[in-house]
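Undergrad: Residues per chain, in single letters:
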Amino acid sequence: MGTFDWRVIYDNFPFLMQGLLTTVELAVIGITGGLLLGVLVGMARLSSRKIIYYPATLFVNFFRSLPLLLVIFWFYFLVPLLAGRPMGDFFSASVAFIIFEASYFAEIIRAGIQSISKEQMQAGYSTGFTYGQTMRYIIVPQALRNMVPSLLTQAVVVFQDTSLAYVIGVKEFLRSASIVDAREMRSLELYAFIGVIYFVFCFTMSKMSKRLEAKKGFAK
Amino acid sequence: MLSYDFKWSILWTDPYGSWMLEGIWITIKLGLICWFIALILGTLIGTLRVTPWKPFRLFATGYTEIFRDVPLLVQLFFWYFAAPRILPHTWEMYLYKGIPNSEFWIVVVGLSLYTSSRVAEHIRAGMQSISDDQYNAALSTGFTQFQTYRYVIIPYAIRLVIPPLTTECLTVFKNTSLAMTVAVLETTFMSQQVEAYTFHGIEATTGACVVYMVITLVVVMIMGLVEKRLAVPGLITRR
Amino acid sequence: MIEIQNVSKWFGNFRVLENVSETIENGQVVVICGPSGAGKSMLCKCLNGLEPFQEGDIVVDGISLNDPSTNLIKLRQKMGMVFQRFELYPHMKILENITIAPIKVKKMSQADADKKAYKLLERVGIPEQAKKYPGNLSGGQQQRVAIARALAMEPEIMLFDEPTSALDPEMIKEVLDVMIDLAKSGMTMVVVTHEMGFAREVADEIIFMEKGKIIERGTDVSFFKNPKSERTKEFLDKILLV
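Chains as they are written, first to last, in the numbering used here: chain W, 1 to 220; chain F, 1 to 239; chain Z, 1 to 242.
Hints in this document: simulated from the structure, not taken from any laboratory.
It is possible that part of the hints are untrue.
Straight-line alpha carbon distances no greater than 30 Å define the calculated DSS-like cross-link-like pairs of lysine-lysine that follow [what the hints assert, rightly or not]:
id : chain 1 : residue 1 : chain 2 : residue 2
1  : F       : K97       : W       : K118
2  : W       : K207      : F       : K228
3  : Z       : K74       : W       : K50
4  : Z       : K106      : Z       : K93
5  : W       : K118      : Z       : K233
6  : Z       : K106      : W       : K118
7  : W       : K118      : Z       : K228
8  : Z       : K45       : Z       : K119
9  : W       : K118      : Z       : K104
10 : Z       : K213      : W       : K118
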């Protein structure tokens with residue numbers, strides 16, 4: 001057991017920060033892409049048309065039963081095959097994240113819309129609104145407010161999931177730390193450091209989400 | 001499209017087939033052990049979160065926050081690479097040389113602790129949704145606090161939390177895949193091992209996908225049976 | 001005028017409505033009462049097409065609900081509905097709750113809709129609540145807003161599904177007063193309720209339903225003084241405490 005030597009962090013700070021930046025990039029891509037795709041799939045899960053409902057349900061159940069790690073490997077092999085040429089590990093990882101996280105966002109959105117009582121829809125209909133108008137003015141605004149805490153929680157999950165891109169060599173935060181560790185053998189300081197950084201990020205985001213959840217109680 | 005000839009037979013030809021089987025066995029073992037430890041630990045911590053004593057509550061809250069706000073992979077790396085450094089040198093050597101499959105047990109520590117914090121959250125939510133008056137009713141018949149928790153609150157809470165716990169059980173099995181990064185020879189590791197030897201990555205990875213999907217189906221079925229057995233008429237366990 | 005012609009509705013083995021027939025003339029106030037599960041709410045929701053039914057037909061002012069070419073959305077503009085749990089839109093202020101349908105469906109201007117909404121709020125007695133959110137209002141106030149919201153579309157028929165069942169006793173009167181006022185102004189109303197005082201005061205006809213069937217119907221006098229069926233007598237005994 002040696003003494004702590006925090007210089008390893010100071011010396012490699014730029015390299016580590018580059019890793020953090022990659023993590024943030026990957027997370028932003030995963031969250032935005034996943035959210036957009038998730039909205040489509042989530043709405044499809046509410047459709048009464050079988051040809052829209054079944055593929056969406058299959059998609060969601062398929063990806064939710066698999067480990068993200070495996071999905072990353074899968075796309076790592078699949079993406080160059082479909083594109084006809086190597087696309088780079090960051091690109092494959094991005095595709096994997098967007099598709100995987102979309103299945104989780106889709107469920108949050110579906111649940112959010114279904115949580116609004118049927119009677120609210122009936123109230124809208126009873127004044128002569130169409131389905132589209134009811135959804136647009138009555139259901140979706142309420143559902144969005146309900147969904148925001150879960151969406152934020154999932155965003156934090158995406159941020160943490162980016163660490164898995166490690167396995168295909170993407171130089172995100174965790175891999176940067178392990179590269180430095182292989183060279184300098186200061187595992188404790190390095191992993192404690194990135195642990196603290198991750199903690200600060202995620203803790204702040206989840207506290208913000210809790211405050212939003214408390215604020216949204218305007219009714220009742 | 002890059003040309004690629006599919007060769008699904010690698011999944012069952014020796015030695016690749018038996019590698020996959022060994023990997024599946026490790027996945028199941030790892031998942032079950034971590035799940036049970038996490039259940040016990042998580043129920044304890046979750047209960048602590050709702051007790052009337054502040055130090056217990058603070059401890060439990062801190063516990064949950066730490067494990068939830070750091071990625072699981074980082075936690076595993078910490079336990080595998082960093083934590084042994086804190087141990088006195090002789091202990092560290094014993095860890096690596098004396099215990100067979102030490103990496104498996106290190107993952108058990110990491111994954112169980114992580115999962116227990118998530119279980120704790122579900123238990124806490126379940127217990128908080130039980131009204132105060134249930135608690136008061138039990139106390140008013142002369143129960144101690146401990147008895148109230150043991151006979152009234154916890155059994156009720158367990159039935160309430162079966163659906164979220166089912167999801168958590170599935171998550172544990174999926175998370176076992178992370179053990180591959182610290183050289184635990186489970187399903188995902190083995191599938192990539194097969195890929196390294198045969199260059200048929202898609203078949204190997206798809207094979208592993210099937211394994212996890214089967215595990216998911218089995219877990220969902222078993223938990224469904226458990227839910228039926230424990231169901232109480234009139235108590236809505238599914239939201 | 002509403003004609004209900006041999007309407008039946010079922011869920012699997014469970015028959016919710018059995019061969020229900022009734023005619024409701026313009027300007028009539030019809031009260032439907034009966035034990036829980038009698039199908040009263042379901043019948044009410046069938047009248048404006050919110051719930052489908054498997055057999056029979058409902059004809060509203062000559063428009064058949066079964067006819068596939070019927071525009072249910074336009075039909076619902078002619079019928080207003082008030083729900084047991086008020087169902088105000090929690091994310092909108094009171095004024096918006098009332099004006100949103102006239103603006104989006106009837107394409108009224110914001111200014112006209114606001115003016116109308118204030119008039120309606122005065123009619124139900126709470127103009128000062130216009131800028132508040134439903135969560136800030138009491139149950140009785142919310143239900144009165146719900147009535148104003150339904151009236152904003154200038155319906156010819158008003159449907160009430162147990163409008164006072166979710167209210168504290170002190171608030172029931174303020175809502176019933178609004179409904180009585182509405183009845184006296186000549187509105188065609190179908191009211192599912194247990195409030196027999198209301199029925200005695202303004203109902204032209206009272207219908208007693210049980211298990212999806214109409215057991216008895218009568219004018220307020222005949223219904224209360226000489227109920228024909230045993231079942232009706234039992235029910236009235238239970239709910240009229242004196």
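Undergrad: A separate judgement is required for each hint: does it hold in the structure or not?
TA: Hint check results:
{"no.": "1", "hint": "F:K97 <-> W:K118", "in the structure": "violated (63 Å)"}
{"no.": "2", "hint": "W:K207 <-> F:K228", "in the structure": "violated (37 Å)"}
{"no.": "3", "hint": "Z:K74 <-> W:K50", "in the structure": "holds (28 Å)"}
{"no.": "4", "hint": "Z:K106 <-> Z:K93", "in the structure": "holds (20 Å)"}
{"no.": "5", "hint": "W:K118 <-> Z:K233", "in the structure": "violated (35 Å)"}
{"no.": "6", "hint": "Z:K106 <-> W:K118", "in the structure": "holds (24 Å)"}
{"no.": "7", "hint": "W:K118 <-> Z:K228", "in the structure": "violated (38 Å)"}
{"no.": "8", "hint": "Z:K45 <-> Z:K119", "in the structure": "holds (28 Å)"}
{"no.": "9", "hint": "W:K118 <-> Z:K104", "in the structure": "holds (21 Å)"}
{"no.": "10", "hint": "Z:K213 <-> W:K118", "in the structure": "holds (26 Å)"}
Violated hints, in rising order: 1, 2, 5, 7; the structure is consistent with all others.
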